[in-house]
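Top line first, the protein sequences correspond to chains P and V. Residue numbering for the first sequence follows numbering that gives the first Met the number 0, starting at 0 and increasing by one per position. Residue numbering for the second sequence follows numbering that gives the first Met the number 0, starting at 0 and increasing by one per position.
If you're looking for bench data, these hints aren't it; they were derived computationally from the structure. One or more hints might be untrue.
[To be verified] Here's a subset of chain V near chain P, in silico, CB distances under 10 Å, partners left out: (1) Leu-88; (2) Val-89; (3) Ser-114; (4) Glu-116; (5) Ala-186; (6) Leu-227; (7) Trp-236; (8) Leu-264; (9) Thr-267.
[What the hints assert, rightly or not] Derived Cβ-Cβ restraints for the label pairs, each shown as a range: (10) V:Ala-140 / P:Pro-42: 30 to 36 Å; (11) P:Gly-123 / V:Leu-282: 41 to 47 Å; (12) V:Gly-185 / P:Ala-67: 39 to 45 Å; (13) V:Ser-100 / P:Arg-124: 44 to 50 Å; (14) P:Arg-45 / V:Ala-140: 27 to 33 Å; (15) V:Ser-189 / P:Ser-212: 23 to 29 Å; (16) V:Leu-19 / P:Arg-2: 51 to 57 Å; (17) V:Ala-280 / P:Pro-113: 52 to 58 Å; (18) P:Leu-265 / V:Gln-179: 53 to 59 Å; (19) V:Ala-80 / P:Ser-57: 22 to 28 Å; (20) V:Leu-282 / P:Ser-212: 28 to 34 Å; (21) P:Arg-2 / V:Trp-107: 34 to 40 Å; (22) P:Val-44 / V:Trp-107: 29 to 35 Å.
Don't be surprised by glycine CBs; every beta carbon is placed ideally from N, CA and C.
One letter stands for each residue in the lines below.
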Amino acid sequence: MRRRLLTRLLAWGATVLLVHAAAFLLMRATRGGPFDEERALDPAVRASLEEAWGLQGSWLEQYGRSLAGLLRLDFGPSLRYRGLAVRDLLAQALPLSLALGGLALLVALLLGLPAGLAAAARRGRLPDRLLRLLSSLTLALPGFVLAGLGILLFSFHLGWLPPATAGGLRHLILPALSLGLPVAAQVARLSRQAAAEVLDSESVQAARARGVSGFLLLRRHVLPRASLPVVAFLGPAAAGLLTGSLVIEQVFALPGLGAFFVQGALNRDYPLVLGATVVYTALLGALSLAADLLLARLDPRVRSLG
Amino acid sequence: MKPAVRASRPALALALAWLLLLLGLALLAPLLPLRDPGEVDLDRMLLAPGVDGALLGTDLKGRDLLARLLFGARISLLTGALGSLLALLVGLPWGALAGLSGGRLDRWMMRAADSLESVPLVVVVLFLLTLAGEYRPELEALGVGRLGIFFLALGLLFWLPTARVARAEALRLRGSGFVQAARALGAPPSRILCRHVLPNLLPAAVVLGTLTVPRVILMEAFLSFLGLGVEPPAVSWGTLAAEGLAALNPLVDCWWLLAAPGAALAATLWSLSICGEALQARLGTGAP
């Protein structure tokens, strides 16, 4: 197990380094520099600008500087938000994105698991069919359409929730719901399938024969096994939330990591994009590693493999 | 393993009917008596659905939403089909080769796929699309437009699940009687791959292709929303929905601009996944 953890950690580090190297190369390979404009620049000014952004010297020297910066978590100054370091921008954006992602995950689990279990307990009847319909509809809509419909209903027509911008928990309810619902639909499908199998298994039949029923049966016999596929799904779910947050933060005008990344990409603010890409890669790798460790703790079959 | 829930017969019939109807309308869109989807008419701004001959209403510039929706269907469906085809073209050979060869090659090929999984590919694709913007004139000289790069990016995003299923199927086929017989007869690996394994992957490919189409269409909507997908004057459902979202405001009610593309997307993607699942149950191949 320890050895496996070590290899996974190494692979995580290697992935981050590779993504950084690839992003760096692609950025440098683009034609022209960030300071090529219509007007000619004074060579002295250009030199000092290039020095400030670490663009002087050969590619290898530049890469070395960028790598050293990465190890210090320093991605240099942003190109468009003049006077601000990319690190400070990211540090400021990250808490909001983490709060949004955490809330969305909470939504996904708190809605998805009970719905899946309820559907499994009443297979083929109304709750099951309803869940199936709702989950396929949710999965068939882009996140921003879901968000837009939510704004239309809860902000404009009912006036319950603010339609945009950050500030307090109330502002995060709609974004977290529209980000979490598609994941909740997948969680519900997975847990429904798993719970249905567990309910048919001999151990549950034996427990039922002993007179175990209701909540105890659910907690002791069904939930531990039915939640395993959901735990295994947490890694991909984190990736899904991350993708979704790129759009949801735009829709609700939340100044999170995704918003900065997209703005940076559209503004060709390469240091910012590089920094955000590295942070995303590190974050996703760490999350899926954590999910795998959790799964190994919960599932003896996985543990024995390590 | 119990089989996944099967869609009921009426649901499947409904899904097929909708897809056929949509396909027909999309193909015939230029021949139908519609307004020009790009025609700006400022006298007809923001007509509600059903008013003044505009069945689905008009948008901020007075363009007919029904016409835009049907012309958008052409692009959205084409993107879905091509993107999914591309994912198959990359994923199937990769997975089949890994599964068939086994041993060290298999381990390395699948490890490469696994490590790609832990990279936020969407972020990488956004990055690539941005960079591609810088090389626009050159790429266009080569005959590769924005859409071409876009398809490439989509293929990059969706080949992983395809490769995984193809590998599982190839592993199963490798142990089957006819592959062993061919091997015993001295057939070279290339012949086994081309004559025995790839044709038998066809059912899995059909299922995977069908199930990937809705995911590609969703991704197209996602990229178009961010301004990195389909560009005007072309319209797709993604750009229409994004326009609808941008038009939302508390003062002027224009819900149809968001609801109509949303409903079209929901109905189509739902139908595609129903059909994919039905095919999966019928052909009995693995899930992605």
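Inset, instruction - Taking the numbered hints from earlier one at a time, note which ones the structure violates and give those numbers from smallest to largest. - result: Structure breaks hints 1, 2, 5, 11, 12, 15, 17, 19, 20, 21 and 22.
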